[in-house]
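Trainee: Residues per chain, in single letters:
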Amino acid sequence: MTEIKLGPLRFRASRPTRASLARAAQATWSIVALPVIAIVLALVVGYVVIVASQLLVPGRAIDLLLPLNAYATLFGGAFGSFDGIVRTLVSSTPLIFGGLSVALAFRAGLFNIGAQGQFLLGALGAVWIGVAVRDQPALFAIPVALLAAMLAGAAWGFIPGFLKAISGAHEVVTTIMLNYTAYSVIAWAVSGPLDQPGSASPITDTVGNAGLPILLGRTGHAGIVVALVAVAFVWWLLFRTTRGFEIRTVGANPDAARYAGMRPRFIMVLTMTLAGALAGLSGASVLLGVTRYMTASFGTTVGFDSIAVALLGRSHPVGVVFGALLFGAMRSGALVMYGQTRIPAEIVDVLQATILFFLVAAPVLRRVLRLRDVRSELGTTETLTRTYGSEAVTR
Amino acid sequence: MDLLQLLYSIPILGIVFQFVGYVVDIFPSIAPFILRGATPIAFAAMCGVLCERSGVVNIGIEGIMLVAAFVGWYAGALAVPLLGSVPVLAFGISAPMIVALLAAVAVGMVISLVHAWLSITVRADQIISGTIINIAALGVTSYLLNLVATTSARGAGLFVPFAAPTALTDLPLVGWIFGMFLNQGPITLSLLFIAIVFQVLLFRSRWGLRTRAVGEHPRAAETVGIDVMWVRYRNVVLGGGLAALGGAYLTMESINSFQFNMTAGRGFIGLAAMIVGRWSPLGALGAALLFASTQAVGRSIGIYPATGELGVVLRAIPGQVFDALPYLVTIIVLAGVVGRSIPPAADGQPYERESAT
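Going line by line, the protein sequences match chains G and W.
With the numbering used here applied, the first sequence corresponds to residues 1349 to 1743, in that order.
With the numbering used here applied, the second sequence corresponds to residues 222 to 578, in that order.
A couple of the hints might just be wrong.
Looking from chain W toward chain G, a few residues come up when the C-beta cut is under 7 Å (computed) [as the list claims (entries may be wrong)]:
(1) A327
(2) L492
(3) A556
Label pairs and their in silico Cβ distance ranges [to be verified]:
(4) G:V1396 with W:R344: 33 to 41 Å
(5) G:T1639 with W:V542: 44 to 52 Å
(6) G:L1576 with W:N482: 40 to 48 Å
It is worth saying that the hints were derived from the structure and are not from the lab.
Built from N, CA and C at the ideal position, the CB exists for glycine as well.
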């Protein structure tokens, strides 16, 4: 009898009996129940927000069916056609990388709000090197551009990790400051060294052969393949290597990790650097696969989305894929929704925050709905991010 | 201990005044702009002080300010047709402005009540709770901004700055200090008042003692009969009101319109100011002035180009460096100071009552 483990899920490959199927169904439900309930409740809150916000606009009649119409067009836009599905995959790709980045940091007890800045720096690295190697063969140009993005993102992730290790400066504040700095770096690079002469507004050259090839439909680029490789890598790193064990131990209890002979500070710097590299790849996937050039106003919502993805996916690489597909679908469907119902696409951010709210309020939800407690490996309701100058780090 | 805390803020303020004085020497008439830039940061820092002194970390200050800025703008716009916009008092205050300011503060308090519930009652991870507030605030404000953008509403107007007597501001050497602190609108003036009052209250009153006890050792505080949960709730909600004032400042005293993500990290810089100011209101105000002066330098270089060799050097630096300067200074100061700055002992730790009888 072989056993297949998929994170906290366990499947036995024996003759399926009614009892074993019921057990498997119950195990699956106990893991997906909270995310599903959170999503459903968020849709209810979104309904109220959409209806109530119509009151703020003078002279608009209240339409109780408008939110349902909006959800229908959102779902249809994301999954209703081949092009829609491809668009969903394309907008999920950077979220997989970003979600992995935040999830990896969570595992080490670090909160990487800096995925935004690391994404931007990664995109900048990709376009900088991508333009330089645009006439080289694609087999050379693409890996080099991806590597540049990883290095740039890793550097931007290293800084907060290093500062936390040496001085205890909390990564939440430093990464956010670096996010804003990243916008200035991009504005400077695009209007300065990378500017294409002869254009009206600052814009870079296109990346040429360094661009990711289109595999699916008109827009489905190869980034999704790289993203799935990254998922496998992070899973392997976290659950099959000594380093991964150290990362999880430092996240669970830095003091215990130190007594066991691990070096929490080194692990923190390493984890933030790896997280930065992953977020950098996220930027590269958008730049090399979608825009293929950069303007001075290059921006993204990947930073906050990634946090939502990681929390929804319970900081597990496989969970991240599902979280990224959900928010990718919302992002791509929201554009269609705006086109047909004139409801601003930012309603997705509201839904996202509401989903997170219900996930964080999980203990209350469990009590109200009488759900059994799943022993998650992360212990999501525990304080997983330590406050300023955590003694475990600075001592 | 409390005297030490008070004394500590003096060197910080002293250094800041040295620096600001130097900047003012190079760029005349920059001083009021420094305090104006510092106002939202300092309000955020006050909110942080109130929350963290009682043991609750509030990363959601940024979001509270953003929503308050939106409410201050749009509630004013909605109230103008109903109440008229004739200034009735000093500072150009009119009825819709009072409504808008009260609405902003009330909304700020409601949002921080959500944070308080998640972090005190649910005992959720406080940093994630704050992040949710930030995500929701950015989402809701940009959603509503898109929704009402077609109406191109104007807010209820701006508060008018007080004009200090020129006899004071023209004094040699110290005149700029009067200009800096007195040529300000009511929200900024109230900041100075609030900072001093809270400095005294925090270290000299029963409320302050209870707040600090709850933040340092909640179990001991509970033992002597202090209701830990209630103290924390009260401080977090009160702090939300202060952060909302900082947000309302942006749309009611600074610019009369709302822009996408217009807080631009001020809430987080405020948290850094709180740390640098060692969790004391006056220290936080001093640190906010320091951060704001770096921003004001960048602005003023654009407005009054320096002459001579200094001008040549400054013009050689790309403008984006000055845009990023407040953020970079925040990182550097945080990394340099935080190791030696000790937060309240129970900061960020949910409190669980011993098993109820």
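Trainee: So, for every hint listed, does it hold in this structure?
Mentor: Going through the hints against the structure:
{"no.": "1", "hint": "A327", "in the structure": "violated, 16 Å"}
{"no.": "2", "hint": "L492", "in the structure": "holds, 6 Å"}
{"no.": "3", "hint": "A556", "in the structure": "holds, 4 Å"}
{"no.": "4", "hint": "G:V1396 with W:R344: 33 to 41 Å", "in the structure": "violated, 27 Å"}
{"no.": "5", "hint": "G:T1639 with W:V542: 44 to 52 Å", "in the structure": "violated, 26 Å"}
{"no.": "6", "hint": "G:L1576 with W:N482: 40 to 48 Å", "in the structure": "violated, 33 Å"}
The structure fails to meet hints 1, 4, 5, 6 from the earlier list, while all remaining hints are met.
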